[in-house]
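Full structure from sequences and hints, please.
Protein chains in written order, with numbering that gives the first Met the number 0: chain V, 0 to 206; chain F, 0 to 636.
It should be emphasised that the hints constitute simulated quantities derived from the structure, not laboratory data.
Source: prediction; values computed, not measured.
Some clues are possibly wrong.
Claimed, not checked - Restraint-style ranges between C-beta atoms, simulated for each label pair:
id, chain 1, residue 1, chain 2, residue 2, range
1, V, Pro116, F, Glu229, 51 to 61 Å
2, V, Gly181, F, Ser207, 48 to 58 Å
3, F, Arg607, V, Asn127, 24 to 34 Å
4, V, Asn127, F, Asp6, 48 to 58 Å
What the hints assert, rightly or not - Using 20 Å as the maximum straight-line C-alpha spacing, the simulated SDA-like pairs for lysine to any residue come out as follows:
id, chain 1, residue 1, chain 2, residue 2
5, F, Lys352, F, His264
6, F, Lys375, V, Ser49
7, F, Lys570, V, Lys1
8, F, Lys608, V, Ser110
9, V, Lys114, F, Glu583
10, V, Lys114, F, Glu605
11, V, Lys95, V, Glu119
12, F, Lys608, V, Asp107
13, F, Lys344, V, Asp130
14, F, Lys364, V, Glu119
15, V, Lys142, F, Asp612
16, F, Lys394, F, His451
17, F, Lys375, V, Ser110
18, F, Lys49, F, Phe495
19, F, Lys608, V, Gly111
20, F, Lys352, F, Lys219
21, F, Lys217, F, Glu227
22, F, Lys558, F, Glu605
23, F, Lys474, F, Leu441
24, F, Lys219, F, Arg106
25, V, Lys1, V, Asp130
26, F, Lys375, V, Asp107
27, F, Lys344, F, Leu260
28, F, Lys219, F, Asn231
29, V, Lys95, F, Arg106
Stated by the list, open to error - Computed far set for chain V versus chain F, every beta-carbon distance over 12 Å:
id, residue
30, Met0
31, Lys95
32, Pro102
33, Thr200
Note that CB positions come from ideal geometry on N, CA and C, so glycine has one too.
In case you want the letters, here they are:
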Amino acid sequence: MKQDPLNIIVAGVGGQGNIRASEIIGTAAVQSGFRVTIGETYGAAQRGGSVMSHIRISEKSQYGPLIPEGQAHIVLGLEPAEALRVIGDFGNPLTKVIVNPRPIYPVDVLSGELKYPPVEQITAKIENLVDTIHVVETTELAKQAGNASAQNVVMVGCLAGSGWLPMRVQGLEEAIRNIFRGALIELNLQAFRLGLAAAATTTKNRP
Amino acid sequence: MPGVEIDKPGQRLLLTGNEAIARGAIEAGVSFCSGYPGTPSSEIIETLSKVGNAYNLHAEWSTNEIVAIEAAGAVAFAGLRSICSMKAPGANVSSDFILTSNVTGTRAGFVIVMCDDPAAHSSTNEEDSRSYARLADIPLLEPATAQEAKDMTKWAFDLSEKLGIFCILRSVTRISHARSDIKLGEIHRPERTPSFTPQDRYAAKLPSVEQHFQLHKKLKQAQELFEESEFNWYTGPTDANFIIICCGTAWLYSREALEILGLNHEVGILKLGTTWPLPEELITKHLQHARNVLIVEETDPFLEQNVKVLAAELPSRGIGPINFCGKRSGDIPAVSEINVDLVIKALTKLKGKAYTPREQPYAEKAREAVESLAPKRALAFCPGCPHRASFWAIKTALKWDGRDGVVMGDIGCYSLGTGPAGFYLSQTLHCMGSGLGNANGLGNLRKFGFDHPVIAICGDSTFYHAAIPGLINAKHNGANVVLVLLDNSATAMTGFQPHPGIELNAMGTPAPAIQLEDICKGIGIEVHVRDPFDLKAAVEDLYQMLQQDGVKAMIFRRKCALVEVRESGTKKRVYINAEKCIGEDCGCARFCSRVFKCPGLTWDWETRKAMIDEVVCNGCGACVQLCPGNAIAAEEI
Numbered sequence: 000m001k002q003d004p005l006n007i008i009v010a011g012v013g014g015q016g017n018i019r020a021s022e023i024i025g026t027a028a029v030q031s032g033f034r035v036t037i038g039e040t041y042g043a044a045q046r047g048g049s050v051m052s053h054i055r056i057s058e059k060s061q062y063g064p065l066i067p068e069g070q071a072h073i074v075l076g077l078e079p080a081e082a083l084r085v086i087g088d089f090g091n092p093l094t095k096v097i098v099n100p101r102p103i104y105p106v107d108v109l110s111g112e113l114k115y116p117p118v119e120q121i122t123a124k125i126e127n128l129v130d131t132i133h134v135v136e137t138t139e140l141a142k143q144a145g146n147a148s149a150q151n152v153v154m155v156g157c158l159a160g161s162g163w164l165p166m167r168v169q170g171l172e173e174a175i176r177n178i179f180r181g182a183l184i185e186l187n188l189q190a191f192r193l194g195l196a197a198a199a200t201t202t203k204n205r206p
Numbered sequence: 000m001p002g003v004e005i006d007k008p009g010q011r012l013l014l015t016g017n018e019a020i021a022r023g024a025i026e027a028g029v030s031f032c033s034g035y036p037g038t039p040s041s042e043i044i045e046t047l048s049k050v051g052n053a054y055n056l057h058a059e060w061s062t063n064e065i066v067a068i069e070a071a072g073a074v075a076f077a078g079l080r081s082i083c084s085m086k087a088p089g090a091n092v093s094s095d096f097i098l099t100s101n102v103t104g105t106r107a108g109f110v111i112v113m114c115d116d117p118a119a120h121s122s123t124n125e126e127d128s129r130s131y132a133r134l135a136d137i138p139l140l141e142p143a144t145a146q147e148a149k150d151m152t153k154w155a156f157d158l159s160e161k162l163g164i165f166c167i168l169r170s171v172t173r174i175s176h177a178r179s180d181i182k183l184g185e186i187h188r189p190e191r192t193p194s195f196t197p198q199d200r201y202a203a204k205l206p207s208v209e210q211h212f213q214l215h216k217k218l219k220q221a222q223e224l225f226e227e228s229e230f231n232w233y234t235g236p237t238d239a240n241f242i243i244i245c246c247g248t249a250w251l252y253s254r255e256a257l258e259i260l261g262l263n264h265e266v267g268i269l270k271l272g273t274t275w276p277l278p279e280e281l282i283t284k285h286l287q288h289a290r291n292v293l294i295v296e297e298t299d300p301f302l303e304q305n306v307k308v309l310a311a312e313l314p315s316r317g318i319g320p321i322n323f324c325g326k327r328s329g330d331i332p333a334v335s336e337i338n339v340d341l342v343i344k345a346l347t348k349l350k351g352k353a354y355t356p357r358e359q360p361y362a363e364k365a366r367e368a369v370e371s372l373a374p375k376r377a378l379a380f381c382p383g384c385p386h387r388a389s390f391w392a393i394k395t396a397l398k399w400d401g402r403d404g405v406v407m408g409d410i411g412c413y414s415l416g417t418g419p420a421g422f423y424l425s426q427t428l429h430c431m432g433s434g435l436g437n438a439n440g441l442g443n444l445r446k447f448g449f450d451h452p453v454i455a456i457c458g459d460s461t462f463y464h465a466a467i468p469g470l471i472n473a474k475h476n477g478a479n480v481v482l483v484l485l486d487n488s489a490t491a492m493t494g495f496q497p498h499p500g501i502e503l504n505a506m507g508t509p510a511p512a513i514q515l516e517d518i519c520k521g522i523g524i525e526v527h528v529r530d531p532f533d534l535k536a537a538v539e540d541l542y543q544m545l546q547q548d549g550v551k552a553m554i555f556r557r558k559c560a561l562v563e564v565r566e567s568g569t570k571k572r573v574y575i576n577a578e579k580c581i582g583e584d585c586g587c588a589r590f591c592s593r594v595f596k597c598p599g600l601t602w603d604w605e606t607r608k609a610m611i612d613e614v615v616c617n618g619c620g621a622c623v624q625l626c627p628g629n630a631i632a633a634e635e636i
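In structure tokens form, the structure reads like this:
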């Protein structure tokens with residue numbers, strides 16, 4: 000691997016399926032023989048708060064569950080402001096980002112106490128800070144797959160399609176088959192494949 | 000949780016630290032598992048309850064931690080291996096039993112898992128439960144990784160059985176809730192039969208001084224075993240002048256910090272997994288070559304203080320002086336959790352080495368972007384959460400009452416009642432059951448001229464856990480209190496575990512439910528039950544109760560919205576009738592999104608009218624009743 004450990008952050012809002020997304024990536028990595036550690040957010044912070052999963056994949060040894068400052072290689076943003084928030088601490092000029100542009104408004108924004116900027120402003124700022132950004136309407140694609148909340152799995156599909164992971168696409172599909180049950184397997188595989196296809200067409204590189 | 004139960008030694012699986020602890024217990028042949036849910040410990044019992052039938056073990060959610068530990072302790076007295084898990088504040092609840100069963104000892108392996116929450120991500124404090132090991136004179140194990148959490152749990156049963164005392168395994172959030180690849184071990188299922196013969200005695204003697212003496216002898220034996228433990232090791236130059244002594248999560252953080260700074264050929268690490276009693280000879284061996292020691296650990300300077308006590312005795316053996324750094328010197332922060340960056344910061348200062356993770360202008364630009372473009376996200380009740388409606392009912396009833404009523408808060412999702420989610424109503428927040436306890440005081444102050452109505456808020460699971468004595472006290476000692484019970488039919492905060500009010504137990508088998516109202520009636524207390532989504536009736540009834548003397552109970556009963564969606568699999572479609580919503584001209588001051596604060600209710604800043612985010616909305620329909628313009632509607636889909 001070019002980067003070892005490979006550091007990935009999944010950023011979102013409690014309830015968006017961060018933990019599930021990181022579990023799929025982590026399971027596939029373990030099945031491919033990598034050492035994996037994932038730091039998660041559970042509990043109180045899940046109630047509408049900012050959440051992130053730190054995923055660390057290595058060929059040689061185990062790493063701690065928290066990525067050091069500025070060391071994120073890949074950021075998956077399930078929500079645009081949350082993607083920017085983790086780049087603030089963990090981003091660097093070589094970071095690669097995939098982001099769902101659909102905002103989830105904090106309660107203080109809904110009440111008018113804080114402002115949520117136009118999404119284009121957030122994605123433009125991210126683009127300015129990192130190497131690569133793919134903006135993918137993962138919620139819309141998840142609706143096509145049958146359930147808007149499968150946007151986390153669409154995002155994993157985008158990551159698989161980006162070619163930034165050291166594991167094969169089949170390994171991630173296998174992980175989805177192992178993690179979900181019943182009708183949810185097919186729905187999530189469909190979500191994953193829509194993400195995979197989107198990654199190929201929504202590339203937006205910095206000149 | 001795929002695979003935690005599979006009997007394939009050597010296979011690698013992605014497991015959380017809590018699943019790994021459960022796996023360690025399964026490998027050790029555990030028979031009895033009990034606990035009370037609490038982040039970050041809950042998944043230990045959850046995992047064990049799911050394999051209960053496959054491995055013929057008993058797993059239960061007990062009503063509270065002291066019942067859990069007393070039950071598990073007795074099973075160990077009777078010769079079967081048992082485990083009890085809890086979060087740090089739960090350790091406080093169980094501590095009465097810990098501090099007496101230490102002297103009576105155990106026959107079979109008995110492991111107590113205490114999960115601390117440094118940084119208090121999901122707790123009202125960031126207590127360090129390791130002090131219980133020192134307080135109770137019992138062995139303490141601290142895993143550094145999820146793999147070690149599994150292996151140590153398994154070994155802890157052997158250790159406990161060998162010494163005849165129970166052991167504490169201390170985990171933290173970043174172990175319990177981290178996932179990593181775990182190599183599975185062999186599962187032992189020894190044939191054991193419980194027995195409690197007339198000769199068996201596990202009683203504190205009066206006085207218990209001789210038992211205390213025997214306990215110290217057992218601790219000495221533990222110390223001898225710890226000198227050789229595979230959970231302690233040293234890496235780095237054998238004669239390093241500068242060493243790090245660490246335990247728990249600090250091991251991987253310290254190793255990575257040295258790797259990043261390129262100091263791994265210069266600085267050694269003594270990693271300890273057995274932290275009470277200390278393996279003194281092993282530590283002394285490395286203090287012989289070290290002149291500078293940095294101690295890295297999470298929360299209290301527990302290891303630091305104990306190592307320093309040891310070091311104070313070493314000059315007589317010609318060792319020292321040693322320069323110690325850590326929490327006391329301020330090199331490692333005394334509060335919150337630690338990470339690689341904090342260890343790097345300490346090392347760059349102490350070793351005079353420069354390190355910049357990112358170019359300074361970039362770091363400033365990135366952080367400034369967050370400041371200006373990423374609005375902070377306050378915690379909120381979930382969309383459709385009945386607590387939002389309950390707090391609204393309390394707020395309205397108190398407003399009608401007009402006597403500046405006071406509200407005592409308690410532990411659960413509704414702890415958010417201290418903040419904007421609960422309209423800042425809850426004025427106290429401490430430990431399980433403390434809201435009603437506090438209300439017992441304030442509700443008895445009339446003779447001193449304090450005549451505000453007193454409300455105590457308490458969740459269903461918290462009520463069974465800790466509020467019943469407070470209710471009996473209020474009745475017997477004449478407190479004027481309205482207990483508002485938020486019954487959402489789950490221990491929702493920690494992941495929807497069942498409790499005694501639900502007709503199902505931890506193993507998923509039908510169980511008799513003990514109704515909240517039956518308990519209240521049994522104590523002789525007037526109790527009403529309302530659906531908080533029937534807001535008008537809820538407010539009126541609560542208001543009436545506030546006008547009466549004595550202790551009363553109001554149950555606001557409505558299933559947790561997340562449980563409801565999980566169970567029903569469908570939700571109502573709630574939508575805005577654009578013709579009826581007159582937006583900012585209404586005079587409602589954007590009641591739905593600004594005042595009621597449900598994340599599903601948003602605002603269209605272009606048309607200046609209300610909107611509903613169909614992805615976020617849970618379909619509860621509480622807002623349908625509240626909209627003064629009748630502009631919100633719901634339909635079954």
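Do the hints match the structure? See the list:
About 54 Å separates the C-beta atoms of Pro116(V) and Glu229(F), a value consistent with the hinted range of 51 to 61 Å. Between Gly181(V) and Ser207(F) the C-beta distance comes to about 57 Å, which sits within the given range of 48 to 58 Å. Distance hint check for Arg607(F) and Asn127(V): the Cβ-Cβ separation is about 32 Å, which falls inside the suggested range of 24 to 34 Å. Checking the proposed 48 to 58 Å range against Asn127(V) and Asp6(F) shows it holds: the Cβ atoms sit about 53 Å from each other.
A hinted pair counts as satisfied when its Cα atoms are at most 20 Å apart, and Lys352(F) with His264(F) qualifies at roughly 14 Å. A threshold of 20 Å between alpha carbons decides the hint, and for Lys375(F) with Ser49(V) the separation of about 8 Å falls inside it, so the pair holds. Note on Lys570(F) and Lys1(V): the hinted pairing is violated, with a Cα-Cα distance of about 47 Å set against a maximum of 20 Å. A C-alpha spacing of about 13 Å is found between Lys608(F) and Ser110(V), which places the hinted pair at or below 20 Å, so the restraint holds.
Taking the CA atoms of Lys114(V) and Glu583(F), the gap is about 17 Å. The hint holds against a cut of 20 Å. Between the alpha carbons of Lys114(V) and Glu605(F) the distance comes to roughly 14 Å, so the proposed pair stays at or under 20 Å and holds. The suggested pairing of Lys95(V) with Glu119(V) holds, with an alpha-carbon distance near 18 Å, which does not exceed 20 Å. Restraint check for Lys608(F) and Asp107(V): the C-alpha separation of about 17 Å stays at or below 20 Å, so the hint holds.
At roughly 27 Å between alpha-carbon atoms, Lys344(F) and Asp130(V) are farther apart than 20 Å, so this suggested pair is violated. Of the supplied pair hints, the one linking Lys364(F) and Glu119(V) holds, its CA atoms being roughly 18 Å apart against a limit of 20 Å. As the CA atoms of Lys142(V) and Asp612(F) are separated by approximately 14 Å, the hinted pair is consistent with the 20 Å bound. A C-alpha spacing of about 14 Å is found between Lys394(F) and His451(F), which places the hinted pair at or below 20 Å, so the restraint holds.
For the given pair, Lys375(F) sits about 13 Å from Ser110(V) by alpha-carbon distance, which is consistent with the 20 Å threshold. A threshold of 20 Å between alpha carbons decides the hint, and for Lys49(F) with Phe495(F) the separation of about 15 Å falls inside it, so the pair holds. Distance hint between Lys608(F) and Gly111(V) is fulfilled; the C-alpha atoms sit about 14 Å from each other, no more than 20 Å. A distance of roughly 41 Å separates the Cα atoms of Lys352(F) and Lys219(F); the hinted pair therefore is violated under the 20 Å criterion.
Of the supplied pair hints, the one linking Lys217(F) and Glu227(F) holds, its CA atoms being roughly 16 Å apart against a limit of 20 Å. At roughly 36 Å between alpha-carbon atoms, Lys558(F) and Glu605(F) are farther apart than 20 Å, so this suggested pair is violated. For the proposed pair Lys474(F) and Leu441(F), the alpha carbon gap of about 14 Å is at most 20 Å, so the pair holds. A C-alpha spacing of about 19 Å is found between Lys219(F) and Arg106(F), which places the hinted pair at or below 20 Å, so the restraint holds.
Under the criterion of a C-alpha separation no larger than 20 Å, the hint pairing Lys1(V) with Asp130(V) is consistent with the structure, at around 16 Å. Under the criterion of a C-alpha separation no larger than 20 Å, the hint pairing Lys375(F) with Asp107(V) is consistent with the structure, at around 8 Å. For the suggested pair Lys344(F) and Leu260(F), the alpha carbons sit about 10 Å apart, so the restraint of at most 20 Å is met. As the CA atoms of Lys219(F) and Asn231(F) are separated by approximately 17 Å, the hinted pair is consistent with the 20 Å bound.
Simply put, Lys95(V) and Arg106(F) have alpha-carbon atoms about 57 Å apart, too far for the 20 Å limit, and the pair is violated. With a cut of 12 Å on Cβ distances, Met0(V) stays outside the contact zone with chain F, its closest approach being about 16 Å. Annotated as non-interface, Lys95(V) keeps its C-beta farther than 12 Å from every C-beta of chain F; the closest such distance is 15 Å. For Pro102(V), the condition that its CB be more than 12 Å from all CB atoms of chain F is violated, with the nearest at approximately 9 Å.
For Thr200(V), the requirement that its beta carbon stay farther than 12 Å from each beta carbon of chain F is met, with the minimum near 23 Å.
Against the hints set out earlier in the document, violations occur for numbers 7, 13, 20, 22, 29, 32.
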